[in-house]
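Just so you know, the protein sequences line up as chains A and B, in that order. Just so you know, we're using numbering that gives the first Met the number 0 here: the first sequence kicks off at 0 and counts up by one. Just so you know, we're using numbering that gives the first Met the number 0 here: the second sequence kicks off at 0 and counts up by one.
Simulated from the structure, these hints should not be mistaken for lab results. Note that CB positions come from ideal geometry on N, CA and C, so glycine has one too. Don't take each hint at face value.
Within a straight-line C-alpha distance of at most 25 Å, the following computed DSS-like cross-link-like pairs (lysine-lysine) qualify [what the hints assert, rightly or not]:
#1 B:K206 <-> B:K223
#2 B:K228 <-> B:K195
#3 B:K64 <-> B:K88
#4 B:K56 <-> B:K103
#5 B:K88 <-> A:K210
#6 B:K67 <-> B:K102
#7 A:K121 <-> B:K232
#8 A:K121 <-> B:K88
#9 B:K88 <-> A:K209
#10 B:K102 <-> A:K121
#11 B:K200 <-> B:K1
#12 A:K121 <-> B:K11
#13 A:K121 <-> B:K64
#14 B:K69 <-> B:K106
#15 B:K88 <-> A:K205
Cβ pair distances, simulated, as ranges [what the hints assert, rightly or not]:
#16 B:F12 <-> A:L54: 27 to 35 Å
#17 B:G13 <-> A:K210: 42 to 50 Å
#18 B:T233 <-> A:K114: 28 to 36 Å
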Amino acid sequence: MIAESLINSILFILKGGLTTLAIWVITVLLAIPCAILIAIIRIRYKNSLGRVIDLYTGLIRGTPLLFQLFFIYFGLALIFKINLPSFLAAVIAFTNSWMIYLGEVFRGGFNSVDKSQYETCKILGLNYYQTMRYVILPQAIIAILPEINNQVIEIIWSTSLLSTIGVNDILKASKVILMRDLTITPFIIAAFFYLLFNNIITLIFKKVEKKCSSYKPNYKYL
Amino acid sequence: MKIIEVKKISKKFGKLSVLSDVSLTVEKNQIISIIGPSGSGKSTLLRTIVNFEDIDKGEIFIEGKNNKTKDAISKVGMVFQNPNLFPNKTVIDNLISAPILVKKMNKNMAKKLGEYYLKKVNLLNKENYYPSRLSGGEAQRVAIARALVMQPDILLLDEPTSSLDPELVNEVLITIKKLAKEITILIVSHEIKFVKEISDKIYFMDKGKIITSGKPESIFFEQKNQRLKKFLKTFSYKLN
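Chain A with its partners taken away, still in its complex shape (with noise of 0.2 Å):
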């Protein structure tokens, strides 16, 4: 009776973290290519789109995501009576916030990026575009992948956010057991899966860091 309520609690929560997870990843896939746009736009352009860009970055992150969040789900609704879904409001919040603060992350990696790279692909001959995306990108990511990951594990940790506009995610899922049965157990349940997704995402990151690290560069020779 015991294990079967238990497997119950699992399914249960797992059925959130499964939101969760779809959340996570639609965010993350989202926001690194709007992320790449928006770094390279404010490295650039310094034109009015570099300044608008750089306005609206300050803007996202002065504000905190549950503001965003809220914004998007009840302001939208009451200002344009755009009424949207929780979880398509979820994942244009999550994707708006990050791909400004993986924007930054992004220019960070270009700019670390060695000048003379720069010249020596002007040089060769290879365009803006080719130099970004054969180039430059691929060392700064090298460079920012550390980052890169704390961010999307900074992701998987505000989906918590989530059920305050009743997203059914893990947090909710645990909570609502938790309510039901009156036991602590659900949110260690909701932890584990917590810690399952943060760990396996961590490993990922490692194999390819370990990966990456036969062509870091050696800037006593390049």
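Model the placement of chain B on the given structure of chain A, informed by the hints.
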């Protein structure tokens, strides 16, 4: 045929004049060297030729075309003080990236061409190494091969041995000497003995100006210019 023609160029960094009324000509198949003390504007001159630095006055032509045009720059290969290899690419990928991306060469052809130039710099056995596993001399030779693979009409060498340990300098100089028979070269170097051996003409620069120029024998043996004499004196142990 004039490959490079620098006409009375001047350049300032803020109030500091780094190039002042500099003129220089490089003819086809010549080896032209620029010598001078540090900070005399030698590297800046090369950087203005390839358009890395804007000039305030004067004109620069590469094969008769203004150096601001893409077509003109495509005739030039350049090797820097540091090899600047792409650390994320193997030696062969460093060589073939530009031919594939810029010249739209197919990969097999680019690889054959890359291997041909790697053989020229004696590094065919290192084609699958990442740059971090190369010595400084090897990395600089790869950089030379990478510049050559684009088949430029002129190779600019900006102190190609200055970042190397003394025992690695020679292998790079031997490579350049070998190439000197096949391509037009404009080199900035502190390797005075080497410059004396390979150059058709030498320019001596100081404080952003070309003080004097001439054939090696006139620079080294018939020179009356006091500044050049003083400069060469510091290298006398290397020349003997």
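Now the hints, each set against the structure:
1. Note on K206 (chain B) and K223 (chain B): the hinted pairing holds, with a Cα-Cα distance of about 19 Å set against a maximum of 25 Å.
2. Between K228 (chain B) and K195 (chain B) the CA atoms are separated by roughly 15 Å; this keeps the pair inside 25 Å, and the hint holds.
3. At roughly 33 Å between alpha-carbon atoms, K64 (chain B) and K88 (chain B) are farther apart than 25 Å, so this suggested pair is violated.
4. For the given pair, K56 (chain B) sits about 36 Å from K103 (chain B) by alpha-carbon distance, which is inconsistent with the 25 Å threshold.
5. Distance hint between K88 (chain B) and K210 (chain A) is fulfilled; the C-alpha atoms sit about 13 Å from each other, no more than 25 Å.
6. In summary, the hint linking K67 (chain B) to K102 (chain B) is supported, as the alpha carbons are separated by about 20 Å, within the 25 Å threshold.
7. The straight-line distance between the Cα atoms of K121 (chain A) and K232 (chain B) is roughly 38 Å, outside the 25 Å bound, and the hint therefore fails.
8. The suggested pairing of K121 (chain A) with K88 (chain B) holds, with an alpha-carbon distance near 17 Å, which does not exceed 25 Å.
9. Straight-line distance between C-alpha atoms of K88 (chain B) and K209 (chain A) comes to about 16 Å, which keeps the hinted pair within the 25 Å bound.
10. Proximity of K102 (chain B) to K121 (chain A) is assessed by CA-CA distance (about 14 Å); at most 25 Å being required, the pair is judged to hold.
11. Using a Cα cut-off of 25 Å, the hinted pair K200 (chain B) and K1 (chain B) holds, with the two alpha carbons roughly 14 Å apart.
12. For the given pair, K121 (chain A) sits about 23 Å from K11 (chain B) by alpha-carbon distance, which is consistent with the 25 Å threshold.
13. For a cut-off of 25 Å, the pair hint linking K121 (chain A) to K64 (chain B) stands: about 18 Å separates their Cα positions.
14. For the hint linking K69 (chain B) to K106 (chain B), the alpha-carbon distance of about 24 Å falls within 25 Å, and the restraint holds.
15. At most 25 Å may separate the alpha-carbon atoms for a hinted pair to count; K88 (chain B) and K205 (chain A) meet this at roughly 20 Å.
16. The hint said 27 to 35 Å for the Cβ distance between F12 (chain B) and L54 (chain A), and at roughly 33 Å that hint holds.
17. Look at G13 (chain B) against K210 (chain A): about 45 Å separates their beta carbons, and that is inside 42 to 50 Å.
18. Separated by about 31 Å at the C-beta atoms, T233 (chain B) and K114 (chain A) satisfy the suggested range of 28 to 36 Å.
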